Each structure stands twice: as C-alpha cells, then as structure tokens.
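Visitor: Next come the chains, spelled out residue by residue.
There are 2 protein chains.
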Amino acid sequence: MENSKQTISHNKEETATRTQEIVVLRWGHRPQRDARLTTHVALVARALGASGFLLSDTMDEKIRETVKKVTRNWGGTFFFEMGTAWKSAVRDWKANGGIVVHLTAYGENIQTSNVLDRIKTLRKDVLVVVGSQKVPKDFFSKDVSDFNVSIGNQPHSECAALAVFLDRFFEGKELAKGFKKAKIKVVPQERGKKTIVEC
Amino acid sequence: MENSKQTISHNKEETATRTQEIVVLRWGHRPQRDARLTTHVALVARALGASGFLLSDTMDEKIRETVKKVTRNWGGTFFFEMGTAWKSAVRDWKANGGIVVHLTAYGENIQTSNVLDRIKTLRKDVLVVVGSQKVPKDFFSKDVSDFNVSIGNQPHSECAALAVFLDRFFEGKELAKGFKKAKIKVVPQERGKKTIVEC
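Those protein sequence lines, which keep their order, are chains A and B.
Counting from 1, position 25 in the first sequence corresponds to residue 221 in my numbering; the numbering is continuous, with no gaps.
Counting from 1, position 60 in the second sequence corresponds to residue 256 in my numbering; the numbering is continuous, with no gaps.
Hints listed in this document are in silico derivations from the structure and should not be mistaken for laboratory results.
Keep in mind that this is a model prediction, so the values were computed, not measured.
Treat the hints with caution; some may be incorrect.
Pairs involving identical chains hold if they fit within one copy or between any two copies, as the list cannot separate such chains.
Stated by the list, open to error - EDC-like mimics (lysine to aspartate or glutamate), calculated; alpha carbons at most 16 Å apart, straight line:
| hint | residue 1 | residue 2 |
| --- | --- | --- |
| 1 | Lys-265 | Glu-217 |
| 2 | Lys-290 | Asp-342 |
| 3 | Lys-338 | Glu-386 |
All chains, please: the whole structure from these sequences, using the hints.
Guide: So this is what it looks like as structure tokens:
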C-alpha cells in the first residue's frame, strides 16, 4: 500500500488547476496465467505516464518486485498497490473526486467518438480499469464506469489498449518526459545500445 | 505460408502512389513462455492496421489457430505466416523494395525525434520487427534495420510499443476502419455490450 495515499487522496479543489493524473487498476489477474501480461500492463502504465498501479483483489509478490525494481533502476515515483478489492478502490476514487474509465472493446471508440475530449474536459483524475478475464457486468454501469472506452472495436490486447489510451490522453508528451533519480538512462540513437548507468 | 506471397511480393513501381503497408515480424518467440504475449502482439498487428504477421524461426500452431479464428469471425484479410528464418524474411522484404523498422527501447524516440516522418516520407512498405527475448546485435545494423525506433526510452512492452507505433503511423485512422466479411461486429456504445453476429 506504500506511497499510495498521497497520490490517491488528491484534493478536489486542486483539480481545476493542475494536470489530470492517471492510475491504472488491473482487474481479474490470475497469478499463473497472467503474470507476464500483467507485468507488461504495469510497466506500460509507468512508462506512458500513469502515476501508479493497483492490482486489485489479489496479490502477486513477483510482479510487485519486478515493478519496484524497474522503478528503482529507471527512476520516477510510480507506486504499486495490490490486494485492494476493486469495489472499494472504485468507491474511494470517486469519493475523492476522481472519475473511472473502463477500457473495453465494446465502449465508445476513441477515434470515431468525442469520448476522449469529454474525459479531458472534466479535468479530473482518472482511474483506468483494465480487465484480464471477462469482466463483471457491473463494470459497464454508472456505479462503476463514468466512461467505457474502446481502442478500436476489434479484439486485441489490454496492454495495447492502455498504451494507446495513455499516448492519446497525454498527447505524446509522456514519451519525452524524464524520470527523476534514474540509475539507468538510455541515450536514444540510430544504431546500437547506449546507456548511462549510475550506481 | 498461405496468403503471404501476394502481400509481401509487392510491386516496387506501385510504391510511390499507394498507401504504405505494414507487416509485423515477431522474433524470439518461446512457445511456452511467450504464448499469450505473442498472441496479443499478433492481434494488435491485425486490429491496428498491419496486413500480416510473421512468427519467425519457430512454429506455434495454437497461435496460428487463434489468429485465424479471430480473422474468420471479425473479418479482414490479415495473413499469418510462421517458421521462416528472420534473415531470409528480412532479405526478401528488402529485395522487394521494403524497409525494416526495429522497435527497441534503445532507438530514436518516436516523440522527440523526426524518425516517424523519415519513415513515412520514404513511402515504402514497412516490416516492423518486434523482439521477445534479447535480440541479436545484428538487428541494430544497417544490414537488418533501416530504422531503430523507441516508443519512449523506458522498459515496457513490445505489445504496447507496436500499438503506439501503428496508431501514430496510421494517424489513428486504423481504429475507424471496417473489416470486410466480419461475422461479428461491435456496435460501440456508452454502456453495455452490443454486437451484430451473422453466421
């Protein structure tokens, strides 16, 4: 649960003037079957601008370790939480003035609708819910999701859907940002691998 | 190998006037360990506008079946090939006038450099290479990659990297396109699931 309170319990009155924050909630993780995919989803959340990741309703120490290790080496303040029931996470998020966006192939198409504009206009912090298995019907209801958003209406991948959502939400800027206190930094180049490592 | 010849063996003279095509080559797939991730990568390729997918250097009948089934139900003409050695796939692609883009966290940053413009300006078909395990050093050399592109310079996911690359390459239009001969179509909506199924 570390580092989460200050991020999640944001002040409602600040919302109008500051950047919207995003936290990703992963639902339906099955430790054996989904280990690598959930790890990828968490790393995508971190690399593409989210502030933190909630692995709801279950524990997976290995994923937590991987994400913490990446953050330790590659910088930034990304938080990782696990075990919270999704219902209470959603309830708390909303009670603190945030909105919930559920990514689903059945939702409003991010390309052909104005759903992203409507989300951004609210200027509220966003909990992005990504499922693994088939999600409970409740996820589509007003009690849970403020928006159901599809990254195209074809079957593909929650990992990819999250990436495109974040890239569009942050208008690409997330890929340019620096990560503070990084021990490892890539120096982008046309050929080969170049890193700066500080231990 | 089905359906591949007509797509891969494109005519060089047509290149200047038609839309650039993308095919995805997945390297380093380990059947047990990478099964779900590689399936996601293939489905992302299909859903986000690529014409086909090459699973190089190995065979995985289960993934082929999954991708074929999705294409049969959800439409379009996406092709799936497996078993070809990556070296010959790259050689043939280049011999036919195509270029190779290697997605890697070490490459030119798609956000902070002009690499995407340079790729698009060439107006040539693109083979996008995505690795699974650590890739051979050769991948970074001129003999293989015309461009090494990073989707940010942080560790995350080849599945996400491919999605953002395709979304930016096709400027979002890929998420609006229809898939011909689909048996299942989603009707996007604000709440709930609505599909049209024709059997």
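Visitor: Evaluate each hint against the coordinates.
Guide: Each hint, compared with the structure:
{"no.": "1", "hint": "Lys-265 <-> Glu-217", "in the structure": "neither (23 Å within a copy, 38 Å between copies)"}
{"no.": "2", "hint": "Lys-290 <-> Asp-342", "in the structure": "within (10 Å within a copy, 48 Å between copies)"}
{"no.": "3", "hint": "Lys-338 <-> Glu-386", "in the structure": "between (48 Å within a copy, 10 Å between copies)"}
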